[in-house]
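Novice: Given chain S's structure and the hints, the job is docking chain X onto it.
Here are the chains, one letter per residue:
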Amino acid sequence: METKEIKNKVRKEQQLMTGAQAVVHSLIAEGVDLMFGYPGGAIMPVYDALYDVQDSLTHVLTRHEQGATHAAQGYARATGKVGVCIATSGPGATNLITGIADAQIDSTPMVCITGQVASHLLGTDAFQETDVIGISMPVTKWNFQVTRAEEIPMAIAKAFYIARTGKPGPVLVDITKDAQFGEVAFNYVPFKGMRSYVPTPALEMDSLTKAAALINTAKKPFILFGQGVVLSGAEEEFKTFIEKTGIPSAWTILGLSALNSDHYLNVGMLGMHGNYAPNKMTNECDVLIAIGMRFDDRVTGDLSRYATQAKVVHLEIDPAEIDKNVKTDVAVLGDAKETLEELTKIVDQREHAEWLAEFRALEQEEIDTVINEELSPKSDVMTMGEVIHQINEVSDQKNIFVTDVGQHQMIACRYAKFKQSRSMITSGGLGTMGFCLPAAIGAKMGMPNSQVIGIIGDGGFQMTIQELGTIFQCKTAVKIVVLNNEFLGMVRQWQELFFDKRYASTEMVNPDFQTIVKGYGIATKKVIERADLESSVKEMLAHDGSYFLEVMVGKENNVFPMVPTGASVSEIRLK
Amino acid sequence: MRKERFTISIFTEDIVGILNRVTIMFTRRKINVESIAASESEIKGIHRYTIVITETEDLVKKLVLQIDKQVEVVKAVYHIDSEIVYQEIALYKVATSILASGGKAERIVRAHNARVLSVEIEFTVLEKTGHKDETQQLFEELEPYGILEFVRSGRVAITKPMRTLDSIVKGLEDLVEK
Numbered sequence: 001m002e003t004k005e006i007k008n009k010v011r012k013e014q015q016l017m018t019g020a021q022a023v024v025h026s027l028i029a030e031g032v033d034l035m036f037g038y039p040g041g042a043i044m045p046v047y048d049a050l051y052d053v054q055d056s057l058t059h060v061l062t063r064h065e066q067g068a069t070h071a072a073q074g075y076a077r078a079t080g081k082v083g084v085c086i087a088t089s090g091p092g093a094t095n096l097i098t099g100i101a102d103a104q105i106d107s108t109p110m111v112c113i114t115g116q117v118a119s120h121l122l123g124t125d126a127f128q129e130t131d132v133i134g135i136s137m138p139v140t141k142w143n144f145q146v147t148r149a150e151e152i153p154m155a156i157a158k159a160f161y162i163a164r165t166g167k168p169g170p171v172l173v174d175i176t177k178d179a180q181f182g183e184v185a186f187n188y189v190p191f192k193g194m195r196s197y198v199p200t201p202a203l204e205m206d207s208l209t210k211a212a213a214l215i216n217t218a219k220k221p222f223i224l225f226g227q228g229v230v231l232s233g234a235e236e237e238f239k240t241f242i243e244k245t246g247i248p249s250a251w252t253i254l255g256l257s258a259l260n261s262d263h264y265l266n267v268g269m270l271g272m273h274g275n276y277a278p279n280k281m282t283n284e285c286d287v288l289i290a291i292g293m294r295f296d297d298r299v300t301g302d303l304s305r306y307a308t309q310a311k312v313v314h315l316e317i318d319p320a321e322i323d324k325n326v327k328t329d330v331a332v333l334g335d336a337k338e339t340l341e342e343l344t345k346i347v348d349q350r351e352h353a354e355w356l357a358e359f360r361a362l363e364q365e366e367i368d369t370v371i372n373e374e375l376s377p378k379s380d381v382m383t384m385g386e387v388i389h390q391i392n393e394v395s396d397q398k399n400i401f402v403t404d405v406g407q408h409q410m411i412a413c414r415y416a417k418f419k420q421s422r423s424m425i426t427s428g429g430l431g432t433m434g435f436c437l438p439a440a441i442g443a444k445m446g447m448p449n450s451q452v453i454g455i456i457g458d459g460g461f462q463m464t465i466q467e468l469g470t471i472f473q474c475k476t477a478v479k480i481v482v483l484n485n486e487f488l489g490m491v492r493q494w495q496e497l498f499f500d501k502r503y504a505s506t507e508m509v510n511p512d513f514q515t516i517v518k519g520y521g522i523a524t525k526k527v528i529e530r531a532d533l534e535s536s537v538k539e540m541l542a543h544d545g546s547y548f549l550e551v552m553v554g555k556e557n558n559v560f561p562m563v564p565t566g567a568s569v570s571e572i573r574l575k
Numbered sequence: 001m002r003k004e005r006f007t008i009s010i011f012t013e014d015i016v017g018i019l020n021r022v023t024i025m026f027t028r029r030k031i032n033v034e035s036i037a038a039s040e041s042e043i044k045g046i047h048r049y050t051i052v053i054t055e056t057e058d059l060v061k062k063l064v065l066q067i068d069k070q071v072e073v074v075k076a077v078y079h080i081d082s083e084i085v086y087q088e089i090a091l092y093k094v095a096t097s098i099l100a101s102g103g104k105a106e107r108i109v110r111a112h113n114a115r116v117l118s119v120e121i122e123f124t125v126l127e128k129t130g131h132k133d134e135t136q137q138l139f140e141e142l143e144p145y146g147i148l149e150f151v152r153s154g155r156v157a158i159t160k161p162m163r164t165l166d167s168i169v170k171g172l173e174d175l176v177e178k
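In the order they appear, the protein sequences are chains S and X. If you read the first sequence in my numbering, its first letter stands for residue 1, the second for the next number, and so on. If you read the second sequence in my numbering, its first letter stands for residue 1, the second for the next number, and so on.
The following block holds chain S by itself, in its conformation from the complex:
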């Protein structure tokens, strides 16, 4: 044998490989088959290693690193698996930060891998060097810098474990270029845990019993549920629990779709632009049961006047969330699935028909004053609501909706109908404009057999519009609906209501989106007349590939109801 061949044989027997190869083999060992990213100098060895494993690990080239993070988020949120993205050092790494921050606040499991300058150059202001460990620290659940090849399998195993367990979140592994070139005897051992990290606190029977006692004696109990139900896969347990206790249940926008829209106990959306009844009733109930939600300020309004009359029960996985915003009477720490299973056993079978009827009466008020006009407007001007309504009407309601941030987001959350969980992917905590287009791509790639519909405003669309290139290259059959009001609508609404209509920098002079989208080879249509809406929505949904639907909606429409900033939830305005 030639010397080279002998060397190769020895390498194979000892599973010797480069650090870069160890990166991709670690990802494969974690079951990753799809990742999003953008190459560059300091990550080139890993890209070179990816070239050899294209059959088992697909890399999607986005058009910007931010797009890679949102795509990974969309993928994770739709599938429940860990989203993976990869970028180079310096600007590649800093471009990940928005998506990482978004994943952190919305508890999305994500592993980010960044290249870094060689270890001997660290701290020297080398070309494309940035302290991504320092920069990402406030917005990651965990991060780690690898400077030696042999650290790679362990670092990646740990990253996946931390990202997906407990309250999930984003992690970042920064790998110096010399570590990627270095040699390692590859031995992948999945990570099992560490003493300084308790992902899921043990369920305490004592607090569970106290919670049950409050629930069993409540006259006007009310449930608020959030993404915790989805993240722990507790949709069934949740449904069983509410059906046994007969308690009206309202959702945060991250909990949306965990319970079917038409369920008789689903009383709608909480928060600033949520439904009338759940906001009003928050200050009427006697026991408030929060499940896997964190009392965000957009949900609670003025905390000093939030549910002060109620006993509060909080089912939550993260001890730091207890009493953070709302003081609880009984906190039950643990995973929602297990907690709900156990709690259901010890609560009484009850009905709260009169109490539920009070919700329905308020709902009727909202239908009469807000909803009818939004979904079937008398005016010729189209509303965002009627577009969402039309999608509900002509689809099987098993769509995965992805939204951007702003008026269209609130409208989509308010009016889209769901029959399946993990079907609303929206940037809730961070409120990241530009989230939708790449997140929809990731969701579609994760769930290729589902109808994935991105709902975007004309502002947010232009923040990550370059990802049309990803759709073009990958032939991603995602549906994109731009609700175009030629304004940054939500900010304009606030300017109208709270800043004397001084529309500072909110009017958008837009290019012709049709021409742009055509350039990317995507089927497209622009609707300016209501008469064309139904047929266009049908055409979009029936279309095999990607489709872009632009609907011109009222320029100065507002989203109502609304809890103004600083107001109490019970002061929710219908107009």
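One or more hints might be untrue.
Stated by the list, open to error - Here are some of the chain X residues that sit facing chain S, going by a computed Cβ distance under 8 Å:
| no. | residue |
| --- | --- |
| 1 | Glu13 |
| 2 | Arg21 |
| 3 | Glu72 |
| 4 | Val169 |
Unchecked claim - When the alpha-carbon atoms are kept at most 30 Å apart in a straight line, the in silico DSS-like pairs for lysine-lysine are as follows:
| no. | chain 1 | residue 1 | chain 2 | residue 2 |
| --- | --- | --- | --- | --- |
| 5 | S | Lys327 | X | Lys132 |
| 6 | X | Lys75 | S | Lys210 |
| 7 | X | Lys170 | S | Lys324 |
| 8 | S | Lys419 | S | Lys475 |
| 9 | S | Lys398 | S | Lys417 |
No wet-lab data here; the hints were simulated from the structure. Glycine included, each C-beta is placed from N, C-alpha and C at the ideal position.
Specialist: Chain X only, in chain S's frame:
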């Protein structure tokens, strides 16, 4: 709610960057750290930080839970002064001449039981260990005679409750899947 002085003890894995992760929790709530001390703990591989702040207990409770949830933080706890035994050390550099003639400055040093660490022709270094008000008192009394340099360490503190770090760590280690 009234602001009080709290001593936060944070036990972490011995890794690069964890101090940064801990201090970020203070920075993002705009809390000024009055003093910080870092050292090894009685368990190999576990470091401890002692951080003193003045805040309301309500806020400190939330802050400590947010620190405790950081992945490589083993445990974070907070105490008021009566629950701990604590100490600080201060060093004072003064001109040797002010002590030389058996004047008032010398009597001050004696009265405070300050130790003389080093005597040079030009300067003398004094050491005083105690609570901040004690080291501050000495500072103020020496000040009229001229203090050339002064430094005070962060507070170090031992908690009075008897649950040992060892038992906490063992409890946590038992939770990890073997």
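Novice: Decide, hint by hint, whether the structure agrees.
Specialist: Results for each hint:
Among the interface hints, the one on Glu13(X) holds; its C-beta lies about 5 Å from the nearest C-beta in chain S, closer than the 8 Å criterion. Because the smallest distance between the Cβ of Arg21(X) and any Cβ of chain S comes to about 6 Å, under 8 Å, the interface hint for this residue holds. Checking Glu72(X) against chain S: minimum C-beta separation of about 5 Å stays under 8 Å; hint holds. The criterion of a C-beta within 8 Å of any C-beta in chain S is met by Val169(X), whose closest approach is roughly 6 Å, and the hint holds.
Pair hint Lys327(S) plus Lys132(X) does not hold up; C-alpha atoms about 36 Å apart against a cutoff of 30 Å. Simply put, Lys75(X) and Lys210(S) have alpha-carbon atoms about 27 Å apart, close enough for the 30 Å limit, and the pair holds. For the given pair, Lys170(X) sits about 29 Å from Lys324(S) by alpha-carbon distance, which is consistent with the 30 Å threshold. Straight-line distance between C-alpha atoms of Lys419(S) and Lys475(S) comes to about 27 Å, which keeps the hinted pair within the 30 Å bound.
A hinted pair counts as satisfied when its Cα atoms are at most 30 Å apart, and Lys398(S) with Lys417(S) qualifies at roughly 8 Å.
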